[in-house]
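J.: Each chain, written out:
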Amino acid sequence: MELYPVQSTGPQETFVLNLGPQHPATHGVLRVKLTMDGEFINEAVIVAGYVHREHEKMGENRPWDQFLPNTGRIDYLSAMMYTHAYVGVIERACGIEVPPRAEYIRVITSELNRISSHLVWWGAFLLDLGGMTPLLYAFDDREKILDILEALTGARLTYCYYRVGGLAEDLNEGFVEDVREFVKEFRPRLKMFRRLVSENIIFRKRVEGIGIIDAEMCRKYGATGPMIRGAGIPYDVRRAEPYSVYPELDFDVAVDPAADSMARYKVRMEEMEQSLRIIEQCLDRLPDGPVMGKVPRKLKLPEGDFCYATEAARGRFEVRVVSTGKPVAHRVRLRTPCFGNLSLFEEAARGLMLADGIAMMGSLDLVIPDIDR
Amino acid sequence: MIAAEPLRLLVFVAGVAAFVGLNAAYLVWVERKGAGRFQRRAGPTEVGYAGLLQPIADAGKLLSKQMIVPPGADRFLFRLAPILMMPPAIMAFAILPFSEYLVGIDLNVGLIALFAFSSFNVIAVMLAGWSSRNKYGIISAARVVSQNVAYEIPMMLVIITMIMLAGTLSLPEIVNQQAGAFWNWNVFALASNPLMPVTFVIFFVCMLSETNRAPFDMAEAESELVAGAYTEYAGMGFGVFFMAEYANIVIGCALAVVLFLGGWHSPVGVLPGVFWFLVKLYIMVFVVIWVRWTFPRTQFYGLLNLSWKILIPICIFTLMLSAVMIKLV
Amino acid sequence: MSRCPDHLFERFQELFPTMDTENPAPPEASAGAENEADTAEPPPPPPPPPPCRKTEFAKVGYDLDAIVEPHQIEEAAKLLDDEGFAIDMITAVDWPDAEQFELVYDFMHFEAGTRVCVRTRIPRDRPEIATLSFIFPGANWHERETAEFFGIQFTGHPNPIHLLLPDDFEGYPLRKDFKPPSDPLLKP
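Chains as they are written, first to last, in my numbering: chain G, 154 to 526; chain H, 2 to 330; chain E, 2 to 189.
Treat the hints with care, as some may be off.
Straight-line distance between alpha carbons at most 27 Å, and here's what the computed DSSO-like set of lysine-lysine pairs gives [claimed, not checked]:
1) K373/G to K177/E
2) K34/H to K297/G
3) K79/E to K479/G
4) K479/G to K210/G
5) K210/G to K60/E
6) K34/H to K62/H
7) K210/G to K177/E
8) K55/E to K451/G
Bear in mind the hints are in silico, worked out from the structure with no lab data behind them.
Chain G with its partners taken away, still in its complex shape (with noise of 0.2 Å):
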């Protein structure tokens, strides 16, 4: 396929160019080695484990209940779907219900959360491509779901209201009318963003054919999320391998079958609108009633290995964790979507053009610490 009008003449005389670990478009401390022939990438290594911390070995190291908040700080933009897993898993394995209204809200917080993730990563790919503007425009709209979030749970970003069996409290007064009310504001925002940016010419050069990484590649390294949609592929943990009330939701799976940047990024764009969708829809079906189930005071796993994945903004995550029936775990596994997406960059940029491996970089959402753990 003829990418470019010239091509990499081969590597008679390459030079490294060492990308990060602190540059503008590694998004955090990654660092990228790079084998350059003049603007091409012949090879890219990466460099990764700046903000390496070791959660796994933590997650070995306390009762269950309170490695949680350790999970919502892997990927800082999505803690929420985060820390559902990590409840998820025990609840899975304990058997512990959960009262419907915390699954709903659950649901509720987990889509408000991956909008909001997905604005940071709508601004930040256009900044990688040098458009300043939307960041602006995006974190405009990203500050009302963290104050919503905010006046919920406390925090602004690694929340941790997610409880094992429930909630850590119920909803706060008014949430659901500042939800309702963001629902109705954010959908002409969306539909803006997409004028400002989405027809955009230039941009659309810079992303569209740019950066293909097809369904078998996503397959060979285990890539999940928007990647493995934009290449065509309706893979959504929440239709595979349904979990808390997604069943019961009707939504799309956003899919684009053109594999290139811009596939992701409408599958992205896509996404934020049946995030509304749900949210619409579990507010109208939100049910009365408690929201901690019966739980244990102390928590306390049957032997065995349980895995439970939630879709988070960049993929698949999933915990795994080995019991031998102690009150702390044996091993905790935590798959991260990062860390799939990422392993193929150093296969997929090779040939491209720097600016154009950057791009495709930014396409794929890297959260550093979500690769480092």
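Assemble the complex: chain G is given as a structure, and chains H and E must be docked to it using the hints.
T.: Using the frame of chain G, we list chains H and E on its own:
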């Protein structure tokens, strides 16, 4: 009065230097305020009323910083590059006619001299990128050269079209030909070339590219090349590049006003010419700022494609069209 | 209810017949004569589950749980690759009492949503297993991570260097007997 002419020139040079300095400083303020408004925020507000003293504070900061020469850099060229950046810009101002009477020198080859001066900044940016011994800088230097070569050609084709239309290279003369109401302006000279507005747009695009402004800011491209050729510059070395960027924008916009928008001629016939010239100039500058904060950056090969495959053919076509029209009319 | 397709289950049983007939828990039997000392006095392993079984997704989060011998892991991966499974994750679990590392390979299916978990156990004093990097390139990173955290050698790995830990890090943090080094900043 033999002393009068040198004295006049001296005063004019001082005036131009002050104008360039003020413009560079306050266009930064305009840009930041404008960017703030485009992005639903306030922009600078802290220093002085509405942040009006912000440029002075910035300049003070830049002046007080050490200019570090990175180890292994070509020390001479590294320091020379910012110096090469500014004087050509100031010299170009001497040729621009601000009004009927406010002209530094009415050169009969003014247009060519102006281009000679304004092409200098490419060399300066290239030297800066090359001499700073930074890979981002070198990539940026290579980009700047190929970008400017690509855009010099459609620019020149546009200029040739305009020269054919005007029959002169003197800038005041070109302006004088556009006297009268606004339909006499070259941009509306549809009788001699029905594609004149297109030519104007091409000129504007080339001007954006020549001044390395977004969406064509390949040299700086902060998300790819950190700061490109300016990565290693600190203190006033960086400040000079920054000022020169705005000086070049003003030159480019002034040229657009002179060539296409009737220079100092008023569309309605009131107020002195210099006022109208500045109004038109700053409207153009505002558009440049507006474009920067609206569009993302183009891809590099897209940029070159635009020039070689779209702009140059159109330019050649309009050139031939005007030649035919002028001959016929 | 398991969502595991029957044909997959049958192929697993077909391909790895040892699993049905004998208990694969002490894999030293296949590892060779070098581990005779271990086999002579095996520490009590955890009660082995049936080697290949369908599991209830709602209870454990995967549909098929297969225990294979270490040398069969490539075969299992190839089988799953042919079936169109994607790699989910690779990790290890340290069982110091059994003197074993359990390697856990998780696979997922994008269309069917099925999840398969393949496990194998390797001796703790000779932690070696073949790499899957050539079947699933995504295994590369997972294996690098497992290698640096557990000290497991993935033979044939194309790029066996640290991924997340610093290059000069000593020790394997996720082993149960890992003692964290004293704070390097406090050292004189």
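J.: The structure should be examined with respect to each hint, and the outcome stated for every one.
T.: Right, here's what the structure says about each hint:
1. In summary, the hint linking K373/G to K177/E is not supported, as the alpha carbons are separated by about 31 Å, beyond the 27 Å threshold.
2. A threshold of 27 Å between alpha carbons decides the hint, and for K34/H with K297/G the separation of about 24 Å falls inside it, so the pair holds.
3. The hinted pair formed by K79/E and K479/G fails the criterion: a straight-line CA distance of about 36 Å is larger than 27 Å.
4. Among the hinted pairs, K479/G with K210/G is consistent with the structure: their alpha-carbon atoms are about 16 Å apart, no more than 27 Å.
5. The hinted pair formed by K210/G and K60/E meets the criterion: a straight-line CA distance of about 25 Å does not exceed 27 Å.
6. For the hint pairing K34/H with K62/H, the CA-to-CA distance comes to about 19 Å; that is within 27 Å, so the pair holds.
7. A distance of roughly 9 Å separates the Cα atoms of K210/G and K177/E; the hinted pair therefore holds under the 27 Å criterion.
8. With a C-alpha separation of about 30 Å, the suggested pair K55/E and K451/G falls outside the 27 Å cut-off, and the hint is violated.
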